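*Asks:* Chain residues, written in single-letter form:
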Amino acid sequence: MNIQAANRPSAAEAALVEAYTAQLGDLPGDGAVLGARDVLFDELKRAGLPTRRVEAWHYTDLKTLLRAIPEAETVTPSKAIAPLVETARVLELRQGVSRDVSALQGVTIKAYGESLKDGTAAADLLAFSKDDAIGRINGSFVRDGYRLSVADNAALDRIIELQAHQGGGQSHGRFIATFGAASKATVVERHRNSGKTAGLISSVSDLTLADGAEVTWVIVQEQGPADTHLGQIKVVLGADAKLRLFIINAGGKLVRQEIHVRTAGEGSDFTLRGVNLLGGETHTDVTMTLGHDVPNTTSTEVIRNVVFDRARGVFQGQIRVAPDAQKTDARMACNTLLMSDEAEFSVKPELEIFADDVQCAHGATVADIDHTHLYYLMARGIPQKPARGLLIQAFVAELVEELEDEALVVALEGVISNWLEAHG
Amino acid sequence: MLEIRNLHARIAEDGTEIIKGLNLTVKAGEVAAIMGPNGSGKSTLSYILSGRSDYEVTEGEILYNGESILELDPAERAAKGIFLAFQYPVEIPGVATMQFLKVAMNEQRKARGEAELTTPDFMRRVKEAAAELKINPDMLKRPLNVGFSGGEKKRAEILQMALLEPKLCVLDETDSGLDIDALKIVADGVNALKSPDRAVIVITHYQRLLDYIVPDTVHVLYKGQIIKTGDKSLALDLEANGYADIIGEAA
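Here the protein sequences come in this chain order: A and B. Mapping of the first sequence onto the working numbering: position 348 corresponds to residue 348, and the numbering continues sequentially without gaps. In the working numbering, each residue's number is its place in the second sequence (first place is 1) plus 1000.
No wet-lab data here; the hints were simulated from the structure. Just so you know, these numbers come straight off a predicted model, no measurement behind them. Keep in mind that a hint or two might mislead.
Stated by the list, open to error - Label pairs and their computed distance ranges (CB to CB):
| id | chain 1 | residue 1 | chain 2 | residue 2 | range |
| --- | --- | --- | --- | --- | --- |
| 1 | B | P1120 | A | A367 | 16 to 26 Å |
| 2 | A | E404 | B | G1147 | 19 to 29 Å |
| 3 | B | R1142 | A | R331 | 38 to 48 Å |
| 4 | B | S1053 | A | R52 | 38 to 48 Å |
| 5 | B | S1149 | A | E421 | 33 to 43 Å |
| 6 | A | T300 | B | M1123 | 28 to 38 Å |
| 7 | A | T300 | B | N1023 | 56 to 66 Å |
| 8 | A | P225 | B | E1056 | 32 to 42 Å |
Unchecked claim - Facing chain B, from chain A, some residues (calculated, C-beta under 8 Å):
| id | residue |
| --- | --- |
| 9 | T372 |
| 10 | Y376 |
| 11 | I382 |
| 12 | Q384 |
Claimed, not checked - Computed far set for chain B versus chain A, every beta-carbon distance over 10 Å:
| id | residue |
| --- | --- |
| 13 | P1037 |
| 14 | S1043 |
| 15 | R1052 |
| 16 | R1077 |
| 17 | Q1087 |
| 18 | L1117 |
| 19 | K1127 |
| 20 | L1140 |
| 21 | S1149 |
| 22 | K1194 |
| 23 | T1229 |
| 24 | Y1243 |
Each residue gets a CB set at the ideal place from its N, CA and C atoms; glycine is no exception.
With the rest of the complex left out, here is chain B (with noise of 0.2 Å):
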């Protein structure tokens, strides 16, 4: 689904090389972990892959079901099922969280040439998604975000991605800052979402929340590139060992 190839990628603004040679494949059904110590250019490579401009790539491609997403808008990218679950969740005042919900879900319809929802519809759906995922009504009344806890931000952000059923879901560091319940909300939230023929690719410092979304593959960031590529035990031995060791080994 997802493949990766000597991507090499830096920030528009001041050229720093953030991405240098990184070779990742994701297949359908999968659930990949990345992992990696911090600066190692984990939510850089998320937001490549949602088409933020901020980062240029100089070198490579990504190929998403065999197609080249480089010259994709964010909002291209999106409407062919690729789906950032933000670290940090944006807040924008004056928009109704229910007026965005629709909107993004009928742009996305629109753009696969598929009828608009009936707002019954639309609001059943956003109803029972925010149930599963014990998200107070209360909450979807306020401007996007806008008051929200770090918690409550983290599953509005799963519940976007319930409401839009992306095909290739990106999750970084969906983890931080939600104490064990949340965790547990948001996990079952994810891996309600799991088929065959969807990719996760969960971006994490710590093996915790792959307790809860076991991955399938484990891949450590470090300096830009995939260093190493192992089953869920890898994450074990990182949470056991650390990173030093894997370091070493490539180095």
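One chain only, chain A, in its complex shape (with noise of 0.2 Å):
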């Protein structure tokens, strides 16, 4: 059987070969990381970008949607952009290069580069999966980012924003985090593209919590209408360890949001709350797979998903109960207010339950704007558009009110809102 055809590598595959050829000798590594890009990248090529006939990538057909990989760079945004929330501690990550390392309390600070150059990054380049594309693109391009350690009990009192910011072009980077046990913090990991040239951007969050950890992590994905945004969140929950993952999609041409978890200590407890606001010909996959691999573990995963014009959306979501994992309680839910006729959201729930003694729901709703509260509020002199979008901001809004921080929500509010100001 001839199946060469099928295996011609598409423009954007030549493309990133040819990108890594020429950054061959370029790219910062000792021996020991240059030798993982080796293998990461020897791997991708030979699987080729994964298409619909790979299970993890059937809704994104990457090979198929990813027509073109932009220029490794373009345009350097000059500044930082404001923080999301005022105070917050800006740790910028400036088309991938990583700029101000200086100490905060409780928490040490270092560019990923040097992680890099001395090869303690080496560890952290393996695939995650046999089809982890983003790892591999990502693991071979990475170039900075930034690790941080949070130390035992300590509390963090002010926002970390880490603030991913191109202009276009290519941006690699990676977020390395460990909590200490029993410590508290908030991370908003941002990403923005300000320019206007079409970017690809691939971004990898690492983190780890040691027991008793309590961890808020947000990430807000505003990239622009051309770009491809490609992220992954790896996550490791110690005993008794809290995560509340906060995700907002309100950019990008092409995008995918994986999400791995992994509870590894009894007690622990893992929440995901998702937005995603849909419009024009874009594509938006959020993919999650949450191991509850240790008894007594439990987990949330609420998404809602507004979708306008001709946007498709996935949200593809894996719950694995282990054979021991009694007492495991997860629950799910997917909800998704469709604003065309055009306009598409796939769900693919997924569970696999080893264990009898369990508690694992799923759910999911599709529904359009409810036409009866549209006529209430326009009967008071609201226009349709502002009145479509006060009930588009109540539908998102109380996932976002979970989070109890008020500036965090306000900031949170005003991104929607500005989203719908351009969209609705």
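Now that you have both chains on their own, put them together as the hints suggest.
*Replies:* Pasting the structure below:
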């Protein structure tokens, strides 16, 4: 059988090979890191970009959707943007390059580029799974990022904003964060293209929560209308650790955000809240795999989607309960508001339960705006667009309000209303 | 102020004709009561005035200050000063009552080319109007109408009316579900709004509300038409004798 035609590299695949070859000798790393990069890139080259025949990428055929790769660098933004929450400590990653590593009480901060150079990063660069296209692209090209270590018992009073800010071209960043035992922190991971040219952005975040750590991690993705954003967050939760992960997608042309979480200690809890604001002719995929690996762990996942125009969205939520993970309690829900006849959202819940004393639930709803609600608001003089905006805000605001930090809630409501202003 | 000429209207979905050649004139400063048995088209008339798209006007005209409003959507009509106090106010989870009030007031001001209210000015107005209507401020912290009792919902409607200062107020069975104390408070709220440049249309089944909001004219609506018009004594007559005689007369 001749399958050569199917394996012919796409324009994007060829451009990635070209880019990697061009940057050889220039990418930071000691022998171990460069060796790890070569392995990743070789795997990527052999497998090619994933197609819908790859189960994990079934709804996002990257080979077809990723048409071209922008030049390695085009326009670097000239200055940082204001943080989402005014009092936050900003760690800027401008065009994939770290800028500031000055200390913050309770946290040690290092440029990830240093870890690449001294080889400590080699262990981070392993692919997460056999289909880990994002890990491979990022691991091949990553130049910098931040490594944060929060001390045991530290309670950070300021939000840390990891500001990945680019102006088109390519950016590949990595954030490694370890949270010490019983520490408390809130981190905003922000992605934004403020330029006009298209970008290819990959970002991998790697979180380890030690026993009893309580962390809120907020990903705010506001890439430009021509950008490809490939994000991944990997999490390991220690005993009694709690992670609240909030993700808002409000930009990008082709977006895949992966979430891979593992409960490694009893009593740990994972909360995922996702808001996808989709419009135009965009494609946005949020894919989660969650392993309840030990007994007595809990999780809830709620995703709310608002889909305008001809946008397409995907949520894949996979929950695996290991054979001895008794008393697992996992609840997942995905609610979608379709705002046009051509809008589309695909939901794939997947429960793999190997223990017998567990509670697992999932549900999905699809609706359009309630016309009686819309009429009532309009009858009070609110024109159709702002009236719809109020109802959409109401649909997603519930998730935002769960974040107790008032300044953060206000900032995220602002992200939502700005998006609605531009797209509603 | 309002002139309805030979109005015919039907339910958009199934084409059922509800309003069948209705004529009605209401002048500025007037309080007009519309009464009629169940199913005569009273609520439909109020929805049509507000611009609800579930109803289609097939014939006739609605003139408001001499201009046709048939082409205007509900928000445009509201900005021109038409207000409908709903029989069944809608609960909207997730929309905070205060935010809703502020957006509604400011959107109407914007549509009329007026400056938006400052937050302190807005707060002051809401506080004063709520106190007049004996509305518990905690109620305003909840999402719009969510968990309000029947009486609270009606009071919230009158609060909106007081804040939006409309020119043509249509009250659709505002008395239903109110106990006598609440009825008095609501009626006082409506009476406080009476002015020479404002008209009020009170749609009701019962004479009771009209003891508190005294009408200048009373119109009987039956099978989609006004079949009799009179002064306030007509309402008393209906209360005593029912609709049968008038319906018989008209037939």
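*Asks:* If a hint holds in the structure, say so; if it does not, say that too.
*Replies:* Right, here's what the structure says about each hint:
For P1120(B) and A367(A), the Cβ-Cβ distance of about 38 Å falls outside the hinted range of 16 to 26 Å, so the restraint is violated. Between E404(A) and G1147(B) the beta carbon distance is about 23 Å. The supplied range of 19 to 29 Å therefore holds. Checked against the hint of 38 to 48 Å, the C-beta distance between R1142(B) and R331(A) comes to roughly 26 Å, which is inconsistent with it. At roughly 41 Å, the beta carbons of S1053(B) and R52(A) sit within the given window of 38 to 48 Å.
S1149(B) and E421(A) have their C-beta atoms about 36 Å apart, which keeps the hinted 33 to 43 Å range intact. For T300(A) paired with M1123(B), a C-beta distance near 36 Å keeps the hint of 28 to 38 Å intact. Checked against the given bound of 56 to 66 Å, the beta carbons of T300(A) and N1023(B), roughly 59 Å apart, stay inside it. Here the CB-CB span from P225(A) to E1056(B) is close to 40 Å, well matched to the stated 32 to 42 Å.
The interface hint given for T372(A) is met, as the beta carbon of that residue sits about 6 Å from the closest beta carbon of chain B, less than 8 Å. Hint status for Y376(A): holds, given a least beta-carbon distance of 4 Å to chain B, under 8 Å. Against a cut-off of 8 Å between C-beta atoms, the interface hint on I382(A) holds, since the closest Cβ of chain B lies about 5 Å away. Annotation: Q384(A) was flagged as interfacial toward chain B, and the flag holds, the nearest CB pair being 7 Å apart, inside 8 Å.
The claim that P1037(B) is not at the interface with chain A holds, since no C-beta of that chain comes within 10 Å of its own (minimum 26 Å). At the 10 Å boundary, the C-beta of S1043(B) stays outside the reach of chain A, the nearest C-beta of that chain being 14 Å off. Non-interface call for R1052(B) relative to chain A: violated, since the shortest CB-CB distance, roughly 6 Å, does not exceed 10 Å. R1077(B), annotated as away from the interface, has a beta carbon of chain A within 10 Å; the closest lies near 8 Å.
No beta-carbon of chain A comes within 10 Å of the beta-carbon of Q1087(B); the shortest separation is about 12 Å. Separation of L1117(B) from chain A is adequate, the least Cβ-Cβ distance of about 13 Å exceeding the 10 Å criterion. Here K1127(B) stays apart from chain A, with its beta-carbon at least about 19 Å from theirs, past the 10 Å limit. Every CB of chain A is more than 10 Å from the CB of L1140(B) (nearest about 15 Å), matching its label as outside the interface.
For S1149(B), the condition that its CB be more than 10 Å from all CB atoms of chain A holds, with the nearest at approximately 18 Å. The beta carbon of K1194(B) is kept farther than 10 Å from every beta carbon of chain A, the shortest such distance being approximately 21 Å. For T1229(B), the condition that its CB be more than 10 Å from all CB atoms of chain A holds, with the nearest at approximately 27 Å. Under the 10 Å C-beta cut-off, the non-interface status given to Y1243(B) relative to chain A holds; the minimum distance is some 29 Å.
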